[in-house]
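Asker: One-letter residues, chain by chain:
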Amino acid sequence: MRLTEHTKIRKEKFGTVVFETLTEKIFVVSEHGGDILELVKDGKELSEIVDELSSNYDGEREAIEKDVVEFTDALKASNLIIE
Amino acid sequence: MGVISEGKNLSRLTNPGPDEELRSVLEGKAFEDYKSPLFIAWQLNAECNLGCLHCCEEAGHSMPDEMSKEQALDFCRQIVELDIPYVAISGGEPMLCPHIFDVCEYIRSNDISLKIETNGEFIDDEVARRFADLKMRSVQISLDGATSGAHEQLRLAGDWEKAVEACKRLIGYGVNTEIVFVPTKFNIHEIGDIIDLAYSLGVYGFYTGKMMRIGRAAKNWDILCSTEEEYAKFFETLQAKTKEYEGKMKIYHYPYDVVEELKYRLECPSASLLVIPNGKVKLIGPLPFLCGDLTKSSLQEVWEDYQKAWRHPDVIDFTNKVVADPKLLCESNNWIEI
Numbered sequence: 001m002r003l004t005e006h007t008k009i010r011k012e013k014f015g016t017v018v019f020e021t022l023t024e025k026i027f028v029v030s031e032h033g034g035d036i037l038e039l040v041k042d043g044k045e046l047s048e049i050v051d052e053l054s055s056n057y058d059g060e061r062e063a064i065e066k067d068v069v070e071f072t073d074a075l076k077a078s079n080l081i082i083e
Numbered sequence: 084m085g086v087i088s089e090g091k092n093l094s095r096l097t098n099p100g101p102d103e104e105l106r107s108v109l110e111g112k113a114f115e116d117y118k119s120p121l122f123i124a125w126q127l128n129a130e131c132n133l134g135c136l137h138c139c140e141e142a143g144h145s146m147p148d149e150m151s152k153e154q155a156l157d158f159c160r161q162i163v164e165l166d167i168p169y170v171a172i173s174g175g176e177p178m179l180c181p182h183i184f185d186v187c188e189y190i191r192s193n194d195i196s197l198k199i200e201t202n203g204e205f206i207d208d209e210v211a212r213r214f215a216d217l218k219m220r221s222v223q224i225s226l227d228g229a230t231s232g233a234h235e236q237l238r239l240a241g242d243w244e245k246a247v248e249a250c251k252r253l254i255g256y257g258v259n260t261e262i263v264f265v266p267t268k269f270n271i272h273e274i275g276d277i278i279d280l281a282y283s284l285g286v287y288g289f290y291t292g293k294m295m296r297i298g299r300a301a302k303n304w305d306i307l308c309s310t311e312e313e314y315a316k317f318f319e320t321l322q323a324k325t326k327e328y329e330g331k332m333k334i335y336h337y338p339y340d341v342v343e344e345l346k347y348r349l350e351c352p353s354a355s356l357l358v359i360p361n362g363k364v365k366l367i368g369p370l371p372f373l374c375g376d377l378t379k380s381s382l383q384e385v386w387e388d389y390q391k392a393w394r395h396p397d398v399i400d401f402t403n404k405v406v407a408d409p410k411l412l413c414e415s416n417n418w419i420e421i
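From first to last, the protein sequence lines stand for chains F and E. Position 72 of the first sequence, counted from 1, bears residue number 72 in the working numbering, the numbering being contiguous throughout. Position 74 of the second sequence, counted from 1, bears residue number 157 in the working numbering, the numbering being contiguous throughout.
Read the hints as simulated data drawn from the structure, not as lab findings. Glycine included, every Cβ here is placed at the ideal spot set by N, Cα and C. A portion of the hints provided could be inaccurate.
[Unchecked claim] Some residues of chain E that are not near chain F, with every Cβ distance over 10 Å (derived): (1) 248; (2) 327; (3) 352; (4) 421.
[To be verified] For lysine-lysine, the following PhoX-like pairs were computed, each having C-alpha atoms within a straight-line distance of at most 25 Å: (5) 25/F to 218/E; (6) 326/E to 302/E; (7) 293/E to 331/E; (8) 326/E to 25/F; (9) 41/F to 13/F; (10) 302/E to 44/F; (11) 331/E to 76/F; (12) 118/E to 41/F; (13) 218/E to 76/F; (14) 25/F to 331/E; (15) 302/E to 410/E; (16) 41/F to 11/F; (17) 331/E to 302/E.
Sequences are here, hints too, so could you generate the full structure?
Answerer: See below:
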């Protein structure tokens, strides 16, 4: 996965700002969402993202995967990330 | 794990204004909460080959103290350092700046989104190819008529054919191209035709909204400003065309005027900076206040000064006066350091 061409992300103290500069839309995501986006930015695939988050956060891998899939699906629907 | 996402339109960054939805989303995330601006509007130079009656900057001649190439590139370096995601460059006419491509290349080589706003009169094949290579966010061409008459009446010495050719050339090279149209008494009736033209050219987006009462436009207000009836018809056509081209071409319009904008801004300033050619930073286009000088202070320092300036009693007082008497908008280019 990767960010779409005009999508930029930046960490702030209140979360991560996701700025789709073509449509000039901004999204604010939580710290966890920001961590996922950083991994997407690095070109990681879904399984790699889940692996990384499972090793960094408490919780069942299955539950983490469900959250990641829901989150990345929402980002895809908003044209912020693509496969 | 609790991943939360919220999304709202932030068109106020470049077309700032009141947005109730946005206000609720960003509650608790005031502009002071941002470590640096999210957007820089940079007037690279003041020189312009045209003398547009509705110019909001009174562009024409160069300023004697414009930033040098070295200063401009140092500013670019700081934009990168502060992780600012999006920059829009205008002028004057930015294509007349000798280091325009040095600046564009620096910004794009650091993967910052970049938009250029130009009158389109200097876009030859070579320029279009270079913009294509830079993978710009967009190049925006000012086109103030569906035909040459209105465009050239408003944009003194302007050449409608050149502006249209610039669109065709850029699109031919695969550059994301936009058109901006400012309605005045001279051209407001052409809104439907120009949207049709924009679509036939294959542009990505079409921008319009009420003319801003600042700069030369403020001085020519009485001869340029459309009546309420003309605006009503304009917005009716705009709405119909937006529906007609839904999913085919983006049509953006900003429904608020400068006074509404200022009232909102006083309460909720944006996370953006407006840099003028000499490196000074304006609080916002319609107000005369300067809150920093990038030739003397760092971008980080200017960002902090910008935040403080919005809370300065003189700014609050003057803004309230402008809201009560919009004729004071004529003062927008009589700069006051704050």
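Asker: For every hint, state whether the structure bears it out.
Answerer: Here's how the hints hold up against the structure:
1. Listed as a non-interface residue, residue 248/E keeps its Cβ farther than 10 Å from every Cβ of chain F; the least gap is roughly 24 Å.
2. For residue 327/E, the condition that its CB be more than 10 Å from all CB atoms of chain F holds, with the nearest at approximately 20 Å.
3. A cut-off of 10 Å between C-beta atoms confirms that residue 352/E is not in contact with chain F; the least separation is 15 Å.
4. No beta-carbon of chain F comes within 10 Å of the beta-carbon of residue 421/E; the shortest separation is about 26 Å.
5. Under the criterion of a C-alpha separation no larger than 25 Å, the hint pairing residue 25/F with residue 218/E is consistent with the structure, at around 20 Å.
6. For the hint pairing residue 326/E with residue 302/E, the CA-to-CA distance comes to about 35 Å; that exceeds 25 Å, so the pair is violated.
7. As the CA atoms of residue 293/E and residue 331/E are separated by approximately 24 Å, the hinted pair is consistent with the 25 Å bound.
8. Distance check on the hinted pair: residue 326/E and residue 25/F sit about 20 Å apart at the alpha-carbon level, within 25 Å; holds.
9. At roughly 20 Å between alpha-carbon atoms, residue 41/F and residue 13/F fall within 25 Å of each other, so this suggested pair holds.
10. With a C-alpha separation of about 55 Å, the suggested pairing of residue 302/E with residue 44/F is violated against the 25 Å cut-off.
11. A distance of roughly 20 Å separates the Cα atoms of residue 331/E and residue 76/F; the hinted pair therefore holds under the 25 Å criterion.
12. As the CA atoms of residue 118/E and residue 41/F are separated by approximately 21 Å, the hinted pair is consistent with the 25 Å bound.
13. With a C-alpha separation of about 22 Å, the suggested pair residue 218/E and residue 76/F falls inside the 25 Å cut-off, and the hint holds.
14. Proposed proximity of residue 25/F and residue 331/E is supported: the alpha carbons are some 19 Å apart, at most 25 Å.
15. Among the hinted pairs, residue 302/E with residue 410/E is consistent with the structure: their alpha-carbon atoms are about 9 Å apart, no more than 25 Å.
16. A threshold of 25 Å between alpha carbons decides the hint, and for residue 41/F with residue 11/F the separation of about 13 Å falls inside it, so the pair holds.
17. A threshold of 25 Å between alpha carbons decides the hint, and for residue 331/E with residue 302/E the separation of about 38 Å lies outside it, so the pair is violated.
Violation of the numbered hints given earlier is confined to hints 6, 10 and 17; the remaining hints are satisfied by the structure.
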